[in-house]
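Once you've looked at the hints, dock chain C against the given chain H.
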Amino acid sequence: MPVRTLTIDGKPVSAVEGQTVLDAAQDAGITIPTLCHLDGVSDVGACRLCLVEVTGVSRLLPACVTKVTEGMEVRTESERLKRYRRMILELLFAERNHVCAVCVSNGRCELQNLAVAQGMDHVRFAYRFPPYEVDITHRMFGMDHNRCVLCSRCVRVCWFIEGAATKNVAGRGAGARIITDLSQPWGKSETCTSCGKCVQACPTGAKFHKGSTVAEMERDRSRLEFIVTAREKKQWIV
Amino acid sequence: MDLADLLEIKEKELRTRKPIRLRCCLAAGCMSSNGQAVKDSLDKAVQEAGLADEVEVRGVGCMRLCCEGPLVAVDPAGILYQKVAPEDAASIVAALKGGETQVSRGDLNHPFFTKQMSIVLENSGEIDPERIESYIAADGYQALNDALVEMEPKEVIDAILKSGLRGRGGAGYPTGLKWATVAKMQSPKKYVICNADEGDPGAFMDRSVLESDPHRLLEGMAIAAYAVGADQGFIYVRAEYPLAISRLQTAIKQAKQHGLLGSGVLEAAFTFNVEIRIGAGAFVCGEETALMASIEGERGTPRPRPPFPAERGLYASPTLINNVETFANVPSIVRKGAEWFAGIGTEKSKGTKVFALAGKITNTGLIEVPMGTSLRTIVEEMGAGAPDGNQVKAVQTGGPSGGCVPASELDTPVDYESLQQLGSIMGSGGMIVMDQTTNMVDVARFFMDFCMDESCGKCIPCRAGTVQLHALLDRILRRQATARDLGLLEELCDLVKHTSLCGLGQTAPNPVLSTLRFFRNEYLELLQPEIGAPAGPGNAPKPDANPTR
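Order-wise, the sequence lines are chains H and C.
Those letters in the first sequence? Residues 1 to 238, by this note's numbering.
Those letters in the second sequence? Residues 1 to 549, by this note's numbering.
This is chain H alone, in the form it adopts within the complex:
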């Protein structure tokens, strides 16, 4: 396996060919903020939070889909990147109705954590307050579109880990939303296996176990990790 040496924020890092900048950074203990990335499913480069600067490249590159190259110089913490990340988070908070105080994921929310980590303490954009519904037709799970950030992690685990292809994205632009089957109530779905992987994958309080109330929603990512490890490495950890 050919080895590539690069620097991330001035720190020498070794990686293997084919690894992404994000993987290499994580291996070296360097944190790059992510939202749409989820270990085990393919990356889409959609949230733009993992954008990094690479010497010699005028564009910013998403670390999750950019492969390492020999001698690459990566910067993850410039003032410009920090400003962009804060602004992207501001846009997300203004987009739907993210009210932490009444959210099942309060305290365990990736969006909330990102805002804290990136120092996003206020929103300068006009809140959109879109009228979104909550789908609690499913026996075990609920979907609150007000809290969805459209990262599509639920869609990808549903398609590529469970293989049920129940979840999808419909509409476009600001009107895009996660749907079940052909935009039916979740409880009416004939393809949903009720595996709950989408609930485990959700970064915010958009997908939740029914019955959990404010700050009670805990996710168990080890369930996803178990399946991915079993499939990719043929190891069954108990």
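None of these hints come from the bench; they were simulated from the model.
If you're wondering where the values come from, they're calculated on a predicted model, not measured in any experiment.
Glycine included, C-beta positions come from ideal geometry on N, C-alpha and C.
Any given hint might turn out to be false.
To be verified - Pairs of lysine-lysine residues, derived as DSS-like cross-links and limited to a Cα-Cα distance of at most 27 Å, are as follows:
(1) C:Lys10 with C:Lys336
(2) C:Lys497 with H:Lys82
(3) C:Lys189 with H:Lys67
What the hints assert, rightly or not - Derived, one-sided and incomplete: chain H residues facing chain C with beta-carbon distance under 10 Å:
(4) Gly40
(5) Asp43
(6) Ile88
(7) Gly171
Same frame as chain H, now just chain C:
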């Protein structure tokens, strides 16, 4: 079908041509103002006058001066009748034989016509787009024959490289380089795609080519397929172009019947099939990765590049994607030589460019001019300026990805680099003229509204950023914004431009940035004093409050 058969068809077509020919525009513009009825009544009038043996009425493609349609041209007399009504048919036919007609005539010596140079549009308005014989009579498919019989694929690519042809879809990537990359890929399957998802507001160049000369596109694609080693082509055309789709379907069928598509094209060991894919109305599907996803039946959203389509494109195979106008240049380059093409235009932008002139301009229509022609020539001479004695204020090029060039910069030559320096882009060729009655902030909001509506929603800066940009512009126009809002607008433009996933988002702020650059005063005039701060110099927005790096 081989060269001899092609020449035989050509010879027969020219031999059976009648001495007097009436060309009726049957492209979408004239059709929408009753062009078909004009042609039908001309047909009838010719029959009634007993002139069927000497006069032929031919439906043709776009004759350029769309605002004066329906248009009828008379050969060989060299007359262009405009705004023809079906009732005028009898008098037009009578005028062929010395009679009188009151139908108004277009001035063919006007710069609108004389300053044009036709390569892509050479057959447009001349041939019948629904008859392959008509295209063959205009030397059609001879370039394909030249390529297949006399040239190696590499020689074709070299010719395109040497010609200096650059992508006409907007970005101006060297076409030959793209072809060479796809040709180098080792793969049992490769694809050629024509991007005919023309969606910029006010742009109709590609539609006119498809409606007026569909075989030219097929020939260009076939030559490209031979050069890169592909055997399957797709034309991705938007559903809003039903006439273009129907003419393409006819053309594909005819080309297959004549052995110019399918297996053993022109009796050479070359197979090429073309299928049409109809877009469902998403502007973002003009972005190449979204377009390919759409062809595959997936949701039309872009994906990060690399890998580029040349490496991993449609169905994960190497894929060549060019736009309609790019392919339409190819037959002429192969037939007339790379040197000929490279002799036209400027140092870095070769050949001609087709523009759709629209907006506040006297002569609305289609023009094809050599690269390097000044905007002033196009707008003031050819387009005859703004109507009703108004002054041209700005020219918008490049659609929602482009910008507004102010009247003071009209001497700019149209080429890729010059327009880019002005914060606009060449784009696919939409050119919208604005006069002094146009509010530039409103223009920016219009384009932002478009981008907001057309954003696919995949990446956050474009999905949520365009919404907020639109809201800020709206706030400014409602006179509710302050200098702080303008600062936020500029900061957000910077974010959306530099962090969006695909070209749609990356270029969405351009109309705002370019109007801010040249018409900043119009923004400042609409601003309100900051609440709690006294109006005055201290509260005025700083001219360089731009936080871009």
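To see whether the hints hold, each was checked on the structure:
1. C:Lys10 with C:Lys336: holds, 18 Å
2. C:Lys497 with H:Lys82: holds, 16 Å
3. C:Lys189 with H:Lys67: holds, 26 Å
4. Gly40: Not OK, violated: Gly40 (chain H) not within 10 Å of chain C, min 19 Å.
5. Asp43: Hint holds; Asp43 (chain H) Cβ to chain C Cβ min 8 Å, cut 10 Å.
6. Ile88: holds, 5 Å
7. Gly171: Given a least distance of 7 Å, the restraint on Gly171 (chain H) holds.
Hint 4 alone, counting from the list given before, is not met by this structure.
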